[in-house]
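J.: From just these sequences and the hints, can you work out the full model?
Below, each chain spelled out in residue letters.
There are 2 protein chains.
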Amino acid sequence: MNGASTASSAGSEGSSKARGQADLAQQLFAPRSVAIIGQSNDPSKTAGRPLKYLRQARYAGRIYPINPHRNEVLGERAWPSLAALPEVPEHAYVVTPTEGAIDAVEECGRAGVPVVTVLASGFGETGPDGARREARLRDICAATGIRVVGPSSLGIVDLRHKTLLTANAAFDEPDLPVGRIFAASHSGGMIGTFLSRGKARGIAFAGLVSVGNEVDLSLGEICVATLDDPGIDAYLLFLGSLRRAADLRRFALEAAARGKPILAYKLGRSAAARELAVSHTGALAGEDDVADAFLAACGIARVETLEGLIEGMPLLARMPTAARTDRAPAVAVVTTTAGGATMVVDPLAGRGIAVEPPSAETLVRIKAATGIDVAPARIVDLTLAGARYEVMKGALDVLAAAPEFDLIVVVVGSSARFYPDLAVKPIIDSAGKGTPLAAFLVPEAPEALARLSAAGVPNFHTPEACADAVAAALRRRPPKPGAAVVARAAGAGRQLDEMQAYALLDRLRVPRTPSITVRADAMAAPHLPFPYPVAVKALSAQLAHKSDVGGVVLNVRDDAALLEAAATVRRATGVERVLIQPMVSGLGEVLIGYRVDPDVGPLVMLAAGGVLAEVYRDRSLRLAPIELAEARAMIGEVKALRALAGYRGRAEGDLDAVAHALAALSQLATADRTVLEAEVNPLIVLPKGRGVLAVDALVRLA
Amino acid sequence: MNGASTASSAGSEGSSKARGQADLAQQLFAPRSVAIIGQSNDPSKTAGRPLKYLRQARYAGRIYPINPHRNEVLGERAWPSLAALPEVPEHAYVVTPTEGAIDAVEECGRAGVPVVTVLASGFGETGPDGARREARLRDICAATGIRVVGPSSLGIVDLRHKTLLTANAAFDEPDLPVGRIFAASHSGGMIGTFLSRGKARGIAFAGLVSVGNEVDLSLGEICVATLDDPGIDAYLLFLGSLRRAADLRRFALEAAARGKPILAYKLGRSAAARELAVSHTGALAGEDDVADAFLAACGIARVETLEGLIEGMPLLARMPTAARTDRAPAVAVVTTTAGGATMVVDPLAGRGIAVEPPSAETLVRIKAATGIDVAPARIVDLTLAGARYEVMKGALDVLAAAPEFDLIVVVVGSSARFYPDLAVKPIIDSAGKGTPLAAFLVPEAPEALARLSAAGVPNFHTPEACADAVAAALRRRPPKPGAAVVARAAGAGRQLDEMQAYALLDRLRVPRTPSITVRADAMAAPHLPFPYPVAVKALSAQLAHKSDVGGVVLNVRDDAALLEAAATVRRATGVERVLIQPMVSGLGEVLIGYRVDPDVGPLVMLAAGGVLAEVYRDRSLRLAPIELAEARAMIGEVKALRALAGYRGRAEGDLDAVAHALAALSQLATADRTVLEAEVNPLIVLPKGRGVLAVDALVRLA
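Residue numbers (the working numbering), protein chains in the order written: chain L, 11 to 712; chain Y, 11 to 712.
Just so you know, the hints here were simulated from the structure itself, not pulled from any lab data.
No copy is singled out in the list; a pair is fine if it fits within one copy or between any two copies.
As a list, the in silico EDC-like pairs of lysine to aspartate or glutamate whose alpha-carbon atoms are at most 20 Å apart: (1) Lys649 - Asp628; (2) Lys209 - Glu457; (3) Lys649 - Glu624; (4) Lys27 - Glu231; (5) Lys55 - Glu109; (6) Lys403 - Asp416; (7) Lys55 - Glu400; (8) Lys55 - Asp431; (9) Lys490 - Glu264; (10) Lys62 - Asp185; (11) Lys55 - Asp182; (12) Lys435 - Glu400; (13) Lys62 - Asp182.
T.: What follows is the structure, given as structure tokens:
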């Protein structure tokens, strides 16, 4: 990690912006004076905590507790109002209930307080009344220029400056370790969880923020303000939604440019959890694979377990982000307990990460270094020999230098319990010499874990967290630059008819079947530029599912049948014109689609065609536009397409043409911003070398 | 749990068997005298540990360290040989290297030592030499009647009797808590992990065993010996394979009869892990869904995380096993931190467990009990009000009495860190009053967790372990009685031809398409009892995949084409006879199969038909035979069948007929033990009410 402070933008506008960021960061995290508006005299109450914590931590700035009902709170002078203070504080934490909180923010804004953090809930998450309250807060920001963290913020903490502007009960902590990670969370409770679980695992923080409803300052904006902080090396995020995705993306790109890694946990793998995110924060909740695609495109590593998030950063910080292109990532597992090691292999495999055996050459080197004949197997099992320092150290040194691995996982058995030296010394002595290394200790072994942490060796308490963090670190790629404009789709938009949709495909060079149109009440069959049989389809910008309403007749075999089919379609749908195209059959069909997601902007999707693909939800997504290489990677992610890739001797489909069509469609992201959605379903996949053909298309404009 | 000791069998044979079990249990776990054969003088070496641990734990029996090279080990007298001892010890732990170990077992056997545990590895897991060594051990057992634990056993421990016959480094423990759980493991390292992690989480053991290669005494047999131990209430298993599945099943059925729950972790979700199980233990490794089906049929709850295994038993022990039939299990989640609670909802949903909102009536009762208007949502969110005792206690009491839930999960936020009383007292006071309850504490909160454990409230340190254990407990059902004979398939068996296979289906009443056979060189078309078009297929017991070799001609439309097709098939395959059947098309197709698994015995399988189903590995398995209700449950587990269940307005297939055919096929388990495998692929699914038809079948006999 690069801890150096570098300005991200040049020129006078840039430097004024940078100055603005620096001011904001100082007001947020290192204010010289703070007011606690609504500070209670009862330290066991939520509103009683901030003053208590600030004093416990020996915050060095000036503190103004404000409580109109008391002269004294927690043994110190209480001020009756903001107006009564001898100065305008740099940051106010408003801990009064909802209605009073809005008034307090307004008073702060008028008085020139630059930054206010708001604890109260009862805003966007609570329906129309709450939405009105949020609108009032926004109006106050616009009118006065005050910046707001929250509402529903459990606070903001800088452990270096002892700025404990928080009501989170877990900060009642006698000893607050200072580290170099900054944590930001949509959930207020999680900042206490980061602090307490981190402390137990040797992970410490520079600062933490509960961003609440992000009515003004978003999680991304707050993190951006910290980017040039030389005391911050890395970021942990707990995300409930992608509400302010544009800011998050800007932050992620700038963090990547500074070499500061980001590790995130995002709620919402399940529909049930996404529904909760909506009801608890008022945010929209997109589907989970959209979040996956977005975070990946931002270079943010995503974990799936709480402990993977807490314990994962030391590993992430040590992993290079440059993508290997020659092969999939490979992990070596070395162990003194085969059963314990297999507990890591299983969840790694579940995340698509392969544990690979050492090469024959590497085994020869291990033998030369240790005298041990390791059995050629998927893990390096030193069960009998490994409790000896020289053996484990020798094997690790050889593996760290072996070209076939991207990461080495050491799994230590029972010796770690009472012989921490024996168990972890070879790991500590071998770490940092080549390929990154992570350790999982199978028994309860707090001392051994602490020694690894102290020596800077990434270490894990459970096999699941280990596999989770390893997979997240190995899958992380540098952020995808450019594009990814975040746009909000307004309304349903306007649909094109199928011929207009084909015109768009033609411009993008997505191959489609030849088509002509005729009047639906035609008395003579048209001259067809292609042979029978044909399909006859209603041509209309109004019908989205024309098959469902009798708007499609297939396998029409001659002129008479053609006229009859046109009449049938006309009777069923009332359309004036029908579209005629040849019947096409291929080896299979896929769906390719483009849409502007309300959270994250332009997306491109590849899915298997047909009802089973729907049932299995078998699809791959990326932020658009994409290059061919990424389109090919997407094909690898759709399981059904294995059936078109020569599976068990079957004929191969033209998957290369699928990749070209997908990449071409994705160019809509830059080529035509009026398109909200464009879906080709099905795209017929012909045999290898013969291409693909769109035989239906649906396009919606803004 | 029922801690009372009850004899499982009656009559004199039964009671002599019970006596044998009691003797074995005493010799294994509470021997009055032990020999350590190969005890080293160096306590840091593996072979030096047993004597040290026995003395540290103050084992009260007589200990005989045997070491022919020394007069003294660890300060006490060492004996030169077994023969030199003043008595025949009741249990010997052999810690000498491989070859010497076999000799030592032989000597023990001849001397009349009833039980020996063997540490050495180098047996079945190491190829032909190892297999020969195992055979020698088996011969010694047969010749002398000695019972062997291992080889590759890290030992056997009874914490009540201080029998620490183990070389596991994690037992170098000054304070060994005694509990009521017995743990058995295929992996030797895991007994130290159970002990140490359990201790850290308030989970203690009566005894633990590392069963090693199970050359003589299997994991199931050792556990059976403990079944009538009144100090043992429950079992934890760590399984690497299902090598001795018949014993495991017998143990599970008897444990269930005594109300003693079993919680298991089994390695091998992934192919990579299964490959390791083979290379490390020499065991066969069946597919993971076979293990799932087997463990479920045994009434064994299976978890997927290490901490789910360590922390899960208190919950499992409190859950009723009687299956609800009126609805799927439903979980209530109550919380003071919505973000933390959602972390549990996601992994629960991933395991198919629904978190459900309280009914309107329940919300009214919560309001009456607490004065709080809880928003109607999927979780009961007390974030603002919940830190108060009366609110949390009131809400929990109402939920515990509400009929709509099978389990209540309480998720406590930051208050648990420094205010354990506040956080856990309402939970402790409400637990045990109705619906079972489990708690997950989001921050690091060891004190609060310890209070919950002390009060007997199931509690979890991570959301993943919580969801894992909750799902395992809710899915557990009473063991399926009867059948499930474990048989080992010898060789490839003998295949039937398709007509013979249909005869078997006819006996089982699995509907199949009408078929006639004719000579492949027939000069005149036969009279067909069904109309054209027909399929013409090679009839042979030798061809397993007749389509692949040109043995099938479809859509034959008249007599001339029929003769031509027969000739074509004859030329391609050389068969004498062909089978003719009508072309059948339905709404879809499935595969139903029966086979005798080498580990677990008769299995019945339902899978989607076609190549995509293969790609998705979309199937459901059960031990055979099954009843209709179970067949219907299997249909619900195959995703592809949703497309036949009225998905999005599509025509419904006759899934009831699929269930009947599946249940009928499964009766092979009792009806015909000569059948090793019977597969119907495809079984054509006709529209609802019109049944199913087998159009191909493959049967293999022993």
